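Participant: Fit chain B to the supplied structure of chain A, relying on the hints for placement.
Chains as they are written, first to last, in our numbering: chain A, 1 to 311; chain B, 1001 to 1369.
The hints are simulated quantities; they were obtained by calculation from the structure and are not laboratory data.
Nothing false has been slipped in among the hints.
Listed next, the in silico EDC-like pairs over lysine to aspartate or glutamate satisfying Cα-Cα at most 20 Å (straight line):
no., chain 1, residue 1, chain 2, residue 2
1, B, Lys1243, A, Glu184
2, B, Lys1260, A, Asp16
3, B, Lys1243, B, Glu1175
4, B, Lys1266, B, Glu1240
5, B, Lys1266, A, Asp16
Owing to the predicted nature of the structure, the values given are computational and were not obtained by experimental measurement.
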Amino acid sequence: MPSSTITRATVTRRGDRVFSGLSRGAGIAILVILAGVATFLFVEGRAGIFGDTEEMSGSDSFLQYVGPLVFGTVFAATLALLFAAPLAVAVALYISHYAPRRLAQTLGYIIDLLAAIPSVVFGIWGITVLAPLLTDNIYPWLNANLDFIPFFSGTVSTSGRSMLTAGLVLAVMILPIVTAISREVFLQTPRLHEEASLALGATRWEMIRQAVIPYGRSGVISGAMLGLGRALGETMAVAIILSPSDGYFWSVLTNQNSNTIASNIALKFPEAYGLDVNRLIATGLVLFAITFVVNALARRIANAGFSGADG
Amino acid sequence: MTATEQTLTGAPSPSGASPLTAQQLSRASRVGIATASVLIGLGINAVLGEVRWGWVVVIAAPTFVLLTYVASRLVEGQRRAVDRVAAATATMAFLVVMLPLISVLWTVISEGASRLDGTFLTGDLRLTPEDLMAQRDGVAAGGAYHAMMGTLIITGLAAAIAVPLGLFTAIYLVEYGKGRLARAITTMVDVMTGIPSIVAGLFAYALFILIFGPGSRTGIAGGVALSVLMTPVVVRSAEEMLKLVANELREASYALGVPKWKTIVKVVLPTAIAGILTGVTLAIARVIGETAPLLIAAGVAQSANYNPFDGRMTSLPVFTYYQYVQPGIPTEAGVARAWAAALVLVIIVAVLFTVARVLAWILKPAGLR
Chain A
1 MPSSTITRAT VTRRGDRVFS GLSRGAGIAI LVILAGVATF LFVEGRAGIF GDTEEMSGSD
61 SFLQYVGPLV FGTVFAATLA LLFAAPLAVA VALYISHYAP RRLAQTLGYI IDLLAAIPSV
121 VFGIWGITVL APLLTDNIYP WLNANLDFIP FFSGTVSTSG RSMLTAGLVL AVMILPIVTA
181 ISREVFLQTP RLHEEASLAL GATRWEMIRQ AVIPYGRSGV ISGAMLGLGR ALGETMAVAI
241 ILSPSDGYFW SVLTNQNSNT IASNIALKFP EAYGLDVNRL IATGLVLFAI TFVVNALARR
301 IANAGFSGAD G
Chain B
1001 MTATEQTLTG APSPSGASPL TAQQLSRASR VGIATASVLI GLGINAVLGE VRWGWVVVIA
1061 APTFVLLTYV ASRLVEGQRR AVDRVAAATA TMAFLVVMLP LISVLWTVIS EGASRLDGTF
1121 LTGDLRLTPE DLMAQRDGVA AGGAYHAMMG TLIITGLAAA IAVPLGLFTA IYLVEYGKGR
1181 LARAITTMVD VMTGIPSIVA GLFAYALFIL IFGPGSRTGI AGGVALSVLM TPVVVRSAEE
1241 MLKLVANELR EASYALGVPK WKTIVKVVLP TAIAGILTGV TLAIARVIGE TAPLLIAAGV
1301 AQSANYNPFD GRMTSLPVFT YYQYVQPGIP TEAGVARAWA AALVLVIIVA VLFTVARVLA
1361 WILKPAGLR
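The following block holds chain B by itself, in its conformation from the complex:
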């Protein structure tokens, strides 16, 4: 056949189209299909009444898939048509998932930015009668300083417990552990990963009412609750990183007569430090937004409490929750504070994420950069 000959010789066909591309949907026709889909979406909207862009997209997307299938079926055949539909569907799935992310970020920024002011960053919720009057007139009052301090203290405590515990456990699993104890620990770290956050809060509450008496809610209880959630994350990431350290490095160190513990401290840990710090940062990012365990274990207060061993301590997520569900009068003031606190939380998480990436890059041994 001529097509085969042409393929073998590589000669252009008389019509100018290569046989390898002749039976493919051209870029122009794909753009055409996309345009037609949007027009159909617009048309249906216009016929039914007003044009709403949300619905235009909702109609245009499946139309695009359908038209692509039909066109491809006619030009390229059944198998290629299915392939194109699969590609279009996967791409659309990704775009669909982007929608809530963009919507959440947009809402938090647009609703929260207005109240992210000096009063918010320095004030607390002990509102004076003047504040309440001002608030009624729409003037900004009240802030989340106490909640930010609470988040700082509680997360700090959680990290102070979880980082050494998690790091040493990872060292045990990678450098020392063999046999049943190591296997049991690995399994239990898995189980710990799956503990629902509110259960961790209940555990810390149940533990600390034995120490501080019934009904007690303290910062340290919140810290312990978060450390239960944080430890397995630290163990997992540190374990991964320690495993990546080449065995030759350890053996070289032993061969020079360096004891095992010094090998770990001076050779293994410095090599893995980038990954470990990244893991710790991500673990902090994971627990800093936890609401439920702190609601149970640390409670809520109206002003700053710097003592984690005495009295309730508000954190930013709990502040957000209460300002939203119990906004006070007028409602808008509390809700605005809730959004501002949500914005602060999202900023903190985004910063931690970026820090984790930058750390990973900076601390990487120079040769691997």
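The shape of chain A in the complex, shown without the other chains:
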């Protein structure tokens, strides 16, 4: 039936056009949304940066306001990464090279479960379980014996609402993502590299040092950077745990801590009004910029060193 073939052909072409238009439209919508995020933050935040500081509570200038917050954000995230990165690499190695083969997938799944626990739950767990544990057992000892190091000086917080507690909880929260990415690259180590190393008489650890770690290094670094990005933007756990003060504080054991940008927004936004709202939005823009740079660096490292380590 020639006639029906012709009508079908026209219908299909229209279907194709509609469908490709829809999917291209969705792709473009993503670009628009992202541009929208930056634009709306800038439009609403502008008044907070350049507006009359007389009408805002506190600080004289925006830089003075955001400075300690940026410091606190970077400080907390760095602490978290310091704890999480070595542990995550060890756990990833355990899952990829030490655990029984049949268990490996399940163990990875358990670690992923850790990532799925909502941050607010980590927050209230941190303050009710972890903080008392640390203030009872570890903090006084650190303070008594190591107080010549600026980090451990000052008066120990009795409630445990200190930077170190916040950093530790953040570490637990970013551990899964760093572990997942490291595990992924470790598993991709070429079988032949590993077997060649073992065939030359290397022990398992020597094989890991010779074959697995050089191969996965850039992947691990980019995973750590992505974890850092997570920690920078993490809000609720810090908001619940940290006892914030205004200014720059190096000590990690006291009640006086520089707040993080995200936690400061969460704490102040619900009650803020007027230009204070705009200023908070402006700090959000700063946070967006910081995480953007960190994530871009992570991607660059991943792409430069190892093509398959796409997070």
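Facilitator: For chain B alone, kept in the frame of chain A given last:
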């Protein structure tokens, strides 16, 4: 040398030990080292005062590593000793990481189970004077029904936006996209993955005060905030799954004269559906616990609000947060509600995780199961 001869011939040595195993730490000696470490931990604790099991483990673990090293060094030599230390350390790292997971789950279950009752599931926070009196006497009052409804509505809205958007973007990237637009979209999806959740909340707030007026907080704003976080996750997982579909399937379909869009709908998507649904479920699990963006964009209310376009809407994570930091009088009542809400959240996430796995298995094409 005799050892070499024995290895080559495979003959057992006179002493009965094979040369391949003769110089290895036996299982018995490893168990012995472990026992000794625990005893040393116990001993040190006992000498210093009361025995606290936490400290016993803290002392026993490094002792075990140290003793293993020494023993292995003496019996097996330096290289094997280092190997054993590495293995022990990796294993311990894994166990250390299990501690917070177990502790969190245990705390949430033990603290939350007591208030996870009928009142909690059906009530809200508009407490009558009688409720307040009862609460003062330790009787359970108040619930999170409104917060559960809020979470349902807001997450539903987020999924309604993010799933089609993410799926079509993934289809574009895999089936149509080449050249600069596709590369730009890929990069921007990466950037979107890294948006801090609170920034997404600020964006939705800034967008919707233009529509509903200054200071407005609505369910739809919360939904939009979550969809910003959810979309890149959906794109990523759907893209991965579509790429896995064998090209031969597409070519076979084209060869039969099936148009491209129909090939995608009837051949490509059904083949990848298991992975896509799993990805969507995990994306929902990821955003359902988000607190910060909803705190900013959707606010908090005391009772159910079914209209996402008008008025504030509480969600479970925000409920948890406020019940914990502003528990009211007496404190225990609010805190107990916070833990119960946390337990509900954890259960929801665990269920979603399980559903994702089951879906992945059920929907897999029969041949691949």
